[in-house]
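Peer 1: Single-letter residue listing:
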Amino acid sequence: MGASRFLSLAINRPRVVTAVMVVVSLVLAALMVRVKVDTDPENMLSPTERVRVFHNQMKKEFDLNDYVVLGVVNEKDPDGVFNPETLKKVHELTEFAKTLRDPDDPERRVIARNIIAPGTVDAIEQAGLGQVKFNWLMAEPPATRKEAARVRDLAMGNPLLKGTLVSEDGRAIGIYIPVSQKDFAATVRKALLKKIASFDNANGDQFHITGLPVAEDTFGEEMFIQMAISAPGAMICIFVLMFIFFRQVKMIIAPMIVAMMSVMCSMGLLIGSGFTLHIMSSMIPIFLMPIAVVDSIHILSEFFDSYQKIGDRKKTIEHVMDELFMPMLYTSLTSAAGFASLAVTPIPPVQAFGIFVAIGIMIAWLFTVTFVPAYIMMMKEESLADFGVAADAPDDHSFMARHLAWLGTITYRRAKLLLLATVAILGVAVYGISLININDNPVKWFTPKHPIRVADRVLNKHFGGTYEAYLVVEPESAVADTRAALLAAIDRLAAAGEVGKESAAAARKLASSVDGGADGYLARATAAFEEKLDQVPDAEYDDWALIADLPGEIKAQAQVFKRPDVLRYISKLQDYLASHAVVGKSNSLADVVKKVHKELFAGDPKHYTIPDTSGAVAECLISFQNSHKPDDLFHLVTPDYRKLNIWLQLKNGDNQDMEQVVSQVEQYFNDNPPPVKLKHEWAGLTYLNVVWQDKMVTGMLNSFLSSFAVVLVMMVILFRSFWWGLLSMVPLTVTIGFIYGVIGLVGKDYDMPVAVLSSLTLGMAVDFAIHFLERSRMVYKKTGSWKESVGQMFAEPARAITRNVIVIAIGFTPLLLAPLVPYQTVGVFLASIMAVSGIGTMFILPSLVTVFERFLFRKGKTETMEA
Amino acid sequence: MKRFFVLTAAVLLFATQVPAEAAMSAGEIVHRANLASYYGGDDGKAKVKMTITDSQGRKRIREFIILRRDETDGGDQKFYVYFRKPSDVRKMVFMVHKHVNGDDDRWLYLPKLDLVKRIAASDKRTSFVGSNFFYEDVSGRGENEDTHKLVQETDDHYVIENVPKDPATVEFASYKVWIRKKDFMPEKAEYTDKQGRVYRVVEALEIKEIQGIPTVTKSRVRDLNSGGETVSEFTGIRYNIGLKGSIFTERYLRRPPREARR
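Those protein sequence lines, which keep their order, are chains A and B. Just so we're aligned, residue 1 is where the first sequence starts under the working numbering, counting upward by one. Just so we're aligned, residue 868 is where the second sequence starts under the working numbering, counting upward by one.
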């Protein structure tokens, strides 16, 4: 069998085995220099994912950008931020932001022309009756308080700016700085912070920077620091704990080397095969290390306990490997299967994560069964002299040994009580699971005291919201048959007597002769009519001038979003959304039309309405286009007026909040049929997060169920018994139930790291069960009685499991010091999973075996796997 | 005014071969260029088609007829702009009384809203009906608003650099104009922002002689920041057609004269 072949190579050629491992690891690790970091949660969705394609298409079509939000707040000055000193800083920061660009890559820059700041937007001003003017809201910083107050009043008077650019309380100004690429956001933030540091803020000015791209990009930078601190920190912790257990530095170096080499190989393979280092894959070392040391600890623990009895390192290692080879192979295969099942999720970074952790586990297994024995063989026999428990020192003296023995008796005597307790705990867990809150928000990946979180809180208190979502609305049907419409229009003109019969007849003939091919019929008809218009005698000129306008009018009818009824419908939708708490503010074409309409009528608030004809709407829109930035209109509607973008500002980026808005919109469309059939679709980063989160939850559930099934089949094969196989699944089922129950009960959101933990639980918990049950059956074979077996099981095998639990649980506490929440989460849950699955294994399995002893040990059910 | 090629730029010019004198001052060159581009004939008319193309290649059309009447050569002028396209703003009228000394008077007539809107003296460097042309491009920029410097002289062109006297009122830091020596027609203007980058280019793509007057018949503005551009094509250009002063009054906003319609 495999064990001996591996073992003989490792025992006879320890140096060769070691050299090969080191060289392979170093070569693969060298690939890591090609690392490309990717912290964009957008990549949680495949690039071809429909919603993502749509999002990017809309960004392009409406010229939308991702914004860095710079908030300037003053709570101290009586005029808030509207004092000359603060406004001067606002002006300086705006001018400074315009200049930011990556000197090495012209594609990474601030898009200066789309900055939203007092210096870059128009005030639509009243200048007496019937007069309107477009002036920059703040071309230069004001010199006096009076002028500063005027800037405030103008901004407040523009519904497009109020709540977005200026807070309603006048205490804050928001500068929205668009970046061409999201991964430039952290650079922009740092440059701004540096500039801000040069200000004297004795007057109470505060500056806050947030926005999803900043959060995401900054997270990427801190992720690296995190990896550089936590992963080695965890290594050191594990090392110290192992030293406490084994007291032999030389000995415990082996598992450390296995863990390190496995991490180097898997990360090298990941990066070398062209994957980016995503927030998910950055966690590979943290997941891999505990799994990688587990098997080594089993070997060492067993070696530690057996060496003094056997007395010869070669014989001891042969004995140890004989007992552990198959359990280790199976535990590795099952853990790998658990992670590999993540490949069935529809989320690319999670797939890569699962596959490479699985590969890493198998690499760790290979290194464990070859290198660890080789390492022991390379040590001098003398140096092992005082290693391990002396044969004459009974096991049951140590603290751990005494307690484990006691535990063993309990599981035998109080088996039914323990099982009852387990069932009760599961009951509570199921209730807890029903409370689980599925939610995520990249800004909340930072701890509450992080400047980005603080900025998020402060700015969302003052403004309509720093989280953007876009609701894109368009008519359901395409433009109708244009030729028929044109002929009908000519007939109508003739019937109304507006054009002569002869002109109408000639026009019909001309309209019919124009090529009716799919697109561009109206453009071709227009060209034909205009050519005619240039030729006709004066007498017919007026007829033809009217006729020549018809194609344009038909085209205009297709311009759904110039229709007053449609705009009023949209406006009501916005009012409806504003009446709920989540949407702080929304901007649409309807707001532009109303604002311009009001100003055209001398600023009379009664005219803050949509005018009654589409021609009047068109006149409002063309008036708006006389401003400094006429193209701002096309962030809100396409130039053909057939696609509308409603820009929503959310106060909170939680997926739950976004989901609530989505369902409100559905509700509105269902309850209020629009004047023309409209379809709608969402875009924007806040919405994208919802989509991938959704996929994550269902994907994780599917992957968990499939890996549960695969592992169960493996267990049945391993134990050659369905019931033993099923038994081995009990601890992990209880652990997962317990962990997720607790998550539900304490109100921790089910987010990305939490979702991934189910796979880890599966892999770890089943490991303990395999070790425990396999060893139990071996012992039972020798003793023939479960009662006696329990005593032996709670000696060495239980100690190995306990050591594993403690090493890993405590080893990952350095993660708790992390300033990034996902790592803290992983730290806390790794520790809990280890503890619960370890305890679960040692309480529940023996109790179950006790209760079902006769059934499980029926004749023919007890062969061990390596037969 | 050195704001050249604007729609009007196209329109008139008083004819002119000015013999190239040695040592002409920058101010004088600018003055002549201004006359060449904005004051051809005593009055004039043209049909203008503006094609606005955004960075995504989407096109929008503006079509209008423009009438111009000079009060005095190089002095006050009146413009009447009658819109034909897009059809939903047909009959909209834009009228300017340009005053060389003092603010211009501007009106906008919106027929569907039935509103005559007097546009207050305000920033003239705002978009002309959504195109990349500015209002100032239509009526011309005051010669005295900038200081002029002849920075280069080639065989065919004078190159004048213009720096605004009041930088706070404009978005550019300076602009350069290439003026043809033979007839003082400006052919190109390049606007530089405060960071020293050229971000806006105005060009005469085609200059033809009409009734003996060099006239821009096709011009283009490119916005290098947004990637958008607007091309204006001028047809049906006629000079000295005897436009009456009464056309350029508020009364005619609601009842466009025949000259404006055809």
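Source of the hints: derived by calculation from the structure; they are not laboratory data. Ideal Cβ positions, reconstructed from N, Cα and C, are used throughout, including at glycine. Be aware that one or more of the hints could be misleading.
Derived coverage of chain B by chain A (criterion: at least 3 residues anywhere in the stretch with Cβ under 8 angstroms from a Cβ of chain A; other residues may be distant) [to be verified]:
| no. | segment |
| --- | --- |
| 1 | 895-904 |
| 2 | 911-925 |
| 3 | 952-964 |
| 4 | 1090-1103 |
To list a few chain B residues with every Cβ distance to chain A over 12 angstroms, as calculated [as the list claims (entries may be wrong)]:
| no. | residue |
| --- | --- |
| 5 | I928 |
| 6 | V967 |
| 7 | S994 |
| 8 | G997 |
| 9 | V1018 |
| 10 | D1022 |
| 11 | D1023 |
| 12 | R1118 |
| 13 | Y1119 |
Peer 1: Does each hint fit the structure? Answer for all of them.
Peer 2: Verification of the supplied hints:
Closer than 8 angstroms: that is the beta-carbon criterion, and the segment 895-904 of chain B has 0 residues meeting it against chain A, so the requirement of 3 is violated. Coverage of the segment 911-925 of chain B by chain A holds. Counting CB-CB distances below 8 angstroms, 4 residues qualify, and the rule asks for three or more. Residue count for the segment 952-964 of chain B with a Cβ under 8 angstroms from a Cβ of chain A: 7. That meets the three needed, and the coverage hint holds. Interface restraint, the segment 1090-1103 of chain B with chain A: holds (3 residues with C-beta to C-beta distance below 8 angstroms; minimum three).
Not every CB of chain A lies more than 12 angstroms from the CB of I928 (chain B), the least distance being 9 angstroms, so the non-interface label is violated. Every CB of chain A is more than 12 angstroms from the CB of V967 (chain B) (nearest about 21 angstroms), matching its label as outside the interface. The non-interface label for S994 (chain B) is inconsistent with chain A: the shortest C-beta to C-beta separation is roughly 4 angstroms, within 12 angstroms. Not every Cβ of chain A is farther than 12 angstroms from the Cβ of G997 (chain B); the closest lies at roughly 3 angstroms, contradicting the non-interface assignment.
A cut-off of 12 angstroms between C-beta atoms confirms that V1018 (chain B) is not in contact with chain A; the least separation is 26 angstroms. Against chain A, the non-interface label of D1022 (chain B) holds: every CB pair exceeds 12 angstroms, the least being about 36 angstroms. For D1023 (chain B), the shortest C-beta to C-beta distance to chain A comes to about 34 angstroms, beyond the 12 angstroms cut-off, and the non-interface label holds. At roughly 16 angstroms from the closest C-beta of chain A, the C-beta of R1118 (chain B) stays outside 12 angstroms, upholding its exclusion from the interface.
Consistency note on Y1119 (chain B): stated as away from chain A, and its beta-carbon is indeed over 12 angstroms from all of that chain's, at 18 angstroms minimum.
When held up to the earlier numbered hints, the structure conflicts with 1, 5, 7 and 8 and fits the remainder.
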